[in-house]
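J.: Spelled out from the first residue to the last, the chains are:
Number of protein chains: 2
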Amino acid sequence: MAFSVTILGNASAKPTIASHPSAQVVNLNEQYYLVDAGEGVQQQLIRRGINPLRLRAVFISHLHGDHCFGIFPLISTLGLYGKRTPLTIYAPAPFGEILNNHLRYFDTELPYEIKWVEVRTTEHTLLVQNNTLEVWSIPLRHRVPTAGFLFREKQPPLNVDKWQITRHNLTISEITAAKRGEDIIRDTGERIANSDITYIPYRARSYAYLSDTNYSAKAAELVKGVDLLYHETTYASAESRTAKSRGHSSTTDAAKVALRAEAKRLIIGHFSSRYKDLNMLLNECRELFSESYIAEEGATFTIEEERVKAATK
Amino acid sequence: MAFSVTILGNASAKPTIASHPSAQVVNLNEQYYLVDAGEGVQQQLIRRGINPLRLRAVFISHLHGDHCFGIFPLISTLGLYGKRTPLTIYAPAPFGEILNNHLRYFDTELPYEIKWVEVRTTEHTLLVQNNTLEVWSIPLRHRVPTAGFLFREKQPPLNVDKWQITRHNLTISEITAAKRGEDIIRDTGERIANSDITYIPYRARSYAYLSDTNYSAKAAELVKGVDLLYHETTYASAESRTAKSRGHSSTTDAAKVALRAEAKRLIIGHFSSRYKDLNMLLNECRELFSESYIAEEGATFTIEEERVKAATK
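Chains A and B, in that order, are what the protein sequence lines are.
Heads up: the first sequence begins at 1 in our numbering, then just goes up one per residue.
Heads up: the second sequence begins at 1 in our numbering, then just goes up one per residue.
Just so you know, these hints were derived from the structure itself, not from any lab.
Incorrect hints may appear among the rest.
If chains are identical, the list can't say which one is meant, so a pair holds when it fits in one copy or spans any two.
Straight line, CA to CA, 27 Å or less: simulated BS3-like cross-link-like pairs of lysine-lysine [claimed, not checked]:
{"id": "1", "residue 1": "Lys-244", "residue 2": "Lys-83"}
{"id": "2", "residue 1": "Lys-244", "residue 2": "Lys-224"}
{"id": "3", "residue 1": "Lys-154", "residue 2": "Lys-115"}
{"id": "4", "residue 1": "Lys-218", "residue 2": "Lys-115"}
{"id": "5", "residue 1": "Lys-224", "residue 2": "Lys-154"}
{"id": "6", "residue 1": "Lys-179", "residue 2": "Lys-256"}
{"id": "7", "residue 1": "Lys-83", "residue 2": "Lys-162"}
Excised from the complex, chain A in its bound form:
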């Protein structure tokens, strides 16, 4: 099952020729979620081959323009595309007011419904839950109310090992029971332990988006064990003081969060336009956390399935 993150924008507030403000798409098994929506996001979606009609929901971390100005043109265009299914936007207050103004002035005849769900930025809350996914808010420390998002795959159901099916000559009903996690008890009194014949097909995977924020040990704890961590690095290590005063992070801050969270990989982005050489920022992260990568626009970071336990003995 695919689990990936595609970077649509990696710039901070001042635009440059080559880079776009914050926006990403999380794809879990063809469920597409937009995370932040900087200006130009609709064009960036098309450029990366992602049909905007396929977006299931949008998550806005905070109401600074470089994280949300692109949602309004996207809302309008989805109307032109004839979208019929509702679109849910998770965003901090007062996004509802802003959205209502947008609809009143620009989209009075939208053919689909938009639902706003308030993200309370001081709380670690379950925002979305379905068969395969949970999305949680992560309180962040920025100049305005801001939340990160944790995409956590649900533990996939148990599989029964083919070799064990043959070995024990399991019936369909025994296999079904095993998949539910039950031991097999036969009329003969024979007992087959569930753990001997089943395995978790792959470990539940997770992705965390933490932008914009100062260093936050609390956020690191909330995303503990995350497979892929996006953490903003607006500034180089030498500008740590500037980063702190502006509610942002340096490369060192991001690497420290990755270490504390025991993340497997770190993606860095939201770069200040002052940095022409992003490798310098990357190298600063890698000194502390070797599995660091630049959130290059257009790059897709895939979290591979990883079998946790094979029952075969």
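With chain A held as given, fit chain B onto it using these hints.
T.: Positioned in the frame of chain A, the structure of chain B alone reads:
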């Protein structure tokens, strides 16, 4: 003196990978004016080497998103750039309300002032007047209140021909009088006719922006004799009925306006995303009006100075 128009966007409402929604910059002698501001305009300005801080004013034709969604990120970024001088935005009502909402939610601490001047879209009004330029509104026929804009260079002051200065041995005060348009009358009774020694250095030039609109004979009359005419061609000639029903123009409509206005050149744009081959649209225009050109993104159309009359005999 430079007089040019740079195309920043030529698409209509649905964005494509390659094209941006409506936006142009008019440059008259290093006075820069933004005409419409579709999404991404700030990045398009930078891409074309135009410093957004140099914009003297913005003209918004109407309040459809593909003509104005880019103004809000631009307003924010100009604040980040530390702009201090006021920015005037000419736009139809209720742009003032929309602007106030933007400022309240996103730009409470802007370091410069924004002035909104209402464009009454049913009137042909002088909006801007300075030493070198007039900008007039042109009522258009769209689904919502819409105005085009006519940029008209002021007639440059008379020059005195160098050869005539030598020939008549003109004094400084005689030259000054001649530049004011006066005849020279000497103590000897000698009279030198102004028209014999002066010339208009070049004909006053003009540019008209007509988008979005149905065919309008009235608009054509109001821009009569224009050097460069931008007219929307959302649709091909075969889609004239669709064009008409949606408040847009076909290639034929645009060419007819150019003919009626006796324009020297026609630029076409605001293309529906359905047309992959813009040359087809161009050829349709050229059948009626040979001096037709595609508003290619990044193209600059220069209106050259043209000496009207040389006095030298």
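J.: Indicate, hint by hint, whether the structure satisfies it.
T.: Hints, verified against the model:
no.: 1; hint: Lys-244 with Lys-83; in the structure: between (42 Å within a copy, 25 Å between copies)
no.: 2; hint: Lys-244 with Lys-224; in the structure: within (23 Å within a copy, 59 Å between copies)
no.: 3; hint: Lys-154 with Lys-115; in the structure: within (24 Å within a copy, 53 Å between copies)
no.: 4; hint: Lys-218 with Lys-115; in the structure: neither (30 Å within a copy, 44 Å between copies)
no.: 5; hint: Lys-224 with Lys-154; in the structure: within (16 Å within a copy, 68 Å between copies)
no.: 6; hint: Lys-179 with Lys-256; in the structure: neither (40 Å within a copy, 73 Å between copies)
no.: 7; hint: Lys-83 with Lys-162; in the structure: neither (44 Å within a copy, 69 Å between copies)
Checked against the numbered hints given earlier, the structure breaks hints 4, 6 and 7 and satisfies all the rest.
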